[in-house]
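Heads up: the sequence lines are chains G and L, in that order. Taking the working numbering, I'd label the letters of the first sequence as residues 1 to 284. Taking the working numbering, I'd label the letters of the second sequence as residues 285 to 736.
Because the hints were derived from the structure by calculation, they are not lab data. Please note that the accuracy of each hint is not assured.
Unchecked claim - DEER-style ranges, computed between Cβ atoms: (1) P518/L - E57/G: 19 to 27 Å; (2) L272/G - K495/L: 21 to 29 Å; (3) T244/G - L296/L: 32 to 40 Å; (4) L134/G - L471/L: 28 to 36 Å; (5) L272/G - L296/L: 31 to 39 Å; (6) L134/G - T509/L: 24 to 32 Å; (7) E728/L - M34/G: 28 to 36 Å; (8) L134/G - S496/L: 38 to 46 Å; (9) G473/L - Q61/G: 25 to 33 Å; (10) S557/L - L272/G: 46 to 54 Å; (11) L134/G - G326/L: 41 to 49 Å.
Claimed, not checked - Straight-line alpha carbon distances no greater than 25 Å define the calculated SDA-like cross-link-like pairs of lysine to any residue that follow: (12) K224/G - T312/L; (13) K444/L - L468/L; (14) K659/L - A680/L; (15) K304/L - L84/G.
Stated by the list, open to error - Listing some non-contacts, in silico: residues in chain G with all C-beta distances to chain L over 10 Å: (16) M1; (17) L108; (18) L115; (19) S116; (20) D187; (21) M194; (22) P198; (23) I205; (24) L229; (25) R245; (26) V270; (27) L274.
Don't be surprised by glycine CBs; every beta carbon is placed ideally from N, CA and C.
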Amino acid sequence: MTSSLMFNITTFSYLISMLLFFAFLASRNKAIGMGGSLAAYAGFIAQTIAIGLRWNESYVQGHGHAPLSNLYESVVFFSWTIILIFGILDMKYKYRIIGAFVVPFALLGMAWAQLSLQSNIEPLVPALQSNWLLYHVITCFLGYACFAVACGISIMYLIKINSESSDSNSSAGGIVATFPSARILDDMNYRAIMIGFPLLTLGIITGAAWANYAWGTYWSWDPKETWSLIVWFVYAAFLHARITRGWVGKRAAWLSIIGFAATIFCYLGVNLFLSGLHSYGGSR
Amino acid sequence: MSTKNSGLLQSLWDFFCSLKLAISLIITLAVTSIFGTIIKQGGTMEELQREYSAGAIKLFGAMDLFDMYHSWWFILLLYLFTVNLTACSIKRLPRVWKLASVPTPLLESGVEKSLSNLYAFTAKGTAPQIKERMVAFLTANFGAPVITEQDGEIHLFVQKTPYSRLGVYVVHLSIIIVFIGAILGSLFGYKAYVNIPEGGEVDKVVTRTEKSIDLGFKVRCDKFTVTLYDTGAPKEFRSLLTVTDNGQEVIKQRATIVNDPLTYKGITFYQSSYGPAGDSTFHLTVRSRNGALSMPLTLRQGEAAKLSDGSTVQVVESTDEVGPMMPGFSGPAARIEFTPPGKAPQLFIVFKNSPNFDEKRGGDMIFTYDSSDAKFFTGLQVAKDPGVGVVWLGCALMVMGICIAFFMSHKRIWIRITGSRVVLGGSASKNPAGFGILFDGLAEKLKQVEKP
Chain G
1 MTSSLMFNIT
11 TFSYLISMLL
21 FFAFLASRNK
31 AIGMGGSLAA
41 YAGFIAQTIA
51 IGLRWNESYV
61 QGHGHAPLSN
71 LYESVVFFSW
81 TIILIFGILD
91 MKYKYRIIGA
101 FVVPFALLGM
111 AWAQLSLQSN
121 IEPLVPALQS
131 NWLLYHVITC
141 FLGYACFAVA
151 CGISIMYLIK
161 INSESSDSNS
171 SAGGIVATFP
181 SARILDDMNY
191 RAIMIGFPLL
201 TLGIITGAAW
211 ANYAWGTYWS
221 WDPKETWSLI
231 VWFVYAAFLH
241 ARITRGWVGK
251 RAAWLSIIGF
261 AATIFCYLGV
271 NLFLSGLHSY
281 GGSR
Chain L
285 MSTKNSGLLQ
295 SLWDFFCSLK
305 LAISLIITLA
315 VTSIFGTIIK
325 QGGTMEELQR
335 EYSAGAIKLF
345 GAMDLFDMYH
355 SWWFILLLYL
365 FTVNLTACSI
375 KRLPRVWKLA
385 SVPTPLLESG
395 VEKSLSNLYA
405 FTAKGTAPQI
415 KERMVAFLTA
425 NFGAPVITEQ
435 DGEIHLFVQK
445 TPYSRLGVYV
455 VHLSIIIVFI
465 GAILGSLFGY
475 KAYVNIPEGG
485 EVDKVVTRTE
495 KSIDLGFKVR
505 CDKFTVTLYD
515 TGAPKEFRSL
525 LTVTDNGQEV
535 IKQRATIVND
545 PLTYKGITFY
555 QSSYGPAGDS
565 TFHLTVRSRN
575 GALSMPLTLR
585 QGEAAKLSDG
595 STVQVVESTD
605 EVGPMMPGFS
615 GPAARIEFTP
625 PGKAPQLFIV
635 FKNSPNFDEK
645 RGGDMIFTYD
655 SSDAKFFTGL
665 QVAKDPGVGV
675 VWLGCALMVM
685 GICIAFFMSH
695 KRIWIRITGS
705 RVVLGGSASK
715 NPAGFGILFD
725 GLAEKLKQVE
735 KP
């Protein structure tokens, strides 16, 4: 059993999960929704095993490091954290239809990683040989995953609100009939960000601590650092606007989507378009 | 005059206390920060001229956009943000402090009206009996209550984590502490750089602003080594550093690698770069094609040696890894200038890993590159930052504050007994939905135990 076989099973499971969730949207058949969740969990287990295998394979090759060191590994880990956060929400709140808007992010990540990213296990360059790598990457990506889930929920919220205002008297309700109420979606958006924000804060702090340990500067306004601060600002503004100004509903949903766009730029855009200390994240 | 002054002060205070200013500043900081990630920061004039037109250089230069994070206007924005944060907190703190520190043990009608979680019922028995049951119920299910009897009514009150209301102010304070740490670092610390050749010793370093700083002790680089993976990627950069203070070797041959710096007397040395130290020694062999002559040569770079036939040899250039410059070759290489007597100088390259290569050149004399005692210099980043501990304190407080602000809530439960009439009320400073579930659970339990 190799990690690449297990990663293939993962991608396939997420694809099945997404299709089942879409079928659930259309059919409102609870068993199909259950199937969507189960496929996502099966994929998650396969992916967990795959990450463990890849970790072990790196030891067999003599490099021995956690599989979090290049773009391929980080995208795979990102999609793992997205399903993890989805799973927690699904278990806790039982609104599994959220999967229809969250699992596609994870599938996109896996498909991109497998189809067009270099999947070689590379030895760590000196700058990355530190335990801080683990703390920094795990906290950052858990935070990113919360924001991805919040973004998916916000999209659901906007769809729900739009359909409610356009055909308020149609009782069928179309696909949004399976959605939780707008109030619950709004609340879950807030909850996801509420968990993501401290994680992002920890991610920035562990990054700063590491930079100080490796270079003697905890903050050097490197593009990655600056963009992570911008993301932090966006969500800080979201939380302030919500708690003290009562920004809920549509405006909160849009702010959450903007925040996730900034997150994705911080994660990928900075590597693809700008230069800086995180260039090892590049695909070459 | 004084009223006018105080009016001005008041409006200035109001300006700094406003949340609008806070949100505007956050957005301005976020948007302006983007410029610095797009425009090259801290480049030399030549680098800038390669990338930007003269007009753009003039315009961006006038706005300090090439070093914007240290520009007066960006620093001003950060100061404004700090003042705003402080003012906002000072303004709101007294009210929140009162809510957290002064318990409200009475469920008066005003309080009752403000509550969205209420449950009322009629209980059996006398008021003292009901009180006893209610106290037992609360103690078992939420916490031991404070009992107040007033105007013939009995009030029971339990609260949890009242000081969690202060979480957000802990976060604000932590941001200010981080800034204080940063300011301490910039006032009393420095960032510098030093190159030490193998065997060399320094007692001074040069800061980024070209200022020379006395370390007060000496640092020697005993050896520098680079190790590579099979793939050719670097595996480790290692300097063996020795610190001498007052003639005493206080740290001996400490291996300093990336991600494992050396600290002495508050000054930290970080492995950062390396390069050839220039005075490397090369061991070459020169032989004539007809085999009549073969002699070893030991040369330092740039030093000319005379052969017995009157020709001169010199190593003009060398590298440890020629691969990136000449695909198809690898390992150390040297550029040789060979000048036969009365002829024009010939320039060619010899490779340590391809000893027969020079035969193909077709010259009368054939050179091989046998070995070198290549010397390196190690490039060390040097930092002294007395503010860094304060920054970490601020960061720790920030994480703590955020967790308090988001995950803890000031929960209050009241029971009021008026004769046989019992009212259960509750409130929480955060997460009303979650508290609603907790409250409904309590009410449900109460209904069970008080079943008629």
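Looking back at the hints listed earlier, which ones does the structure fail to meet?
Of the numbered hints given earlier, those the structure breaks are 2, 3, 5, 9, 10, 11, 13, 14, 15, 20, 21, 22, 23, 24, 25, 26 and 27, listed in rising order.
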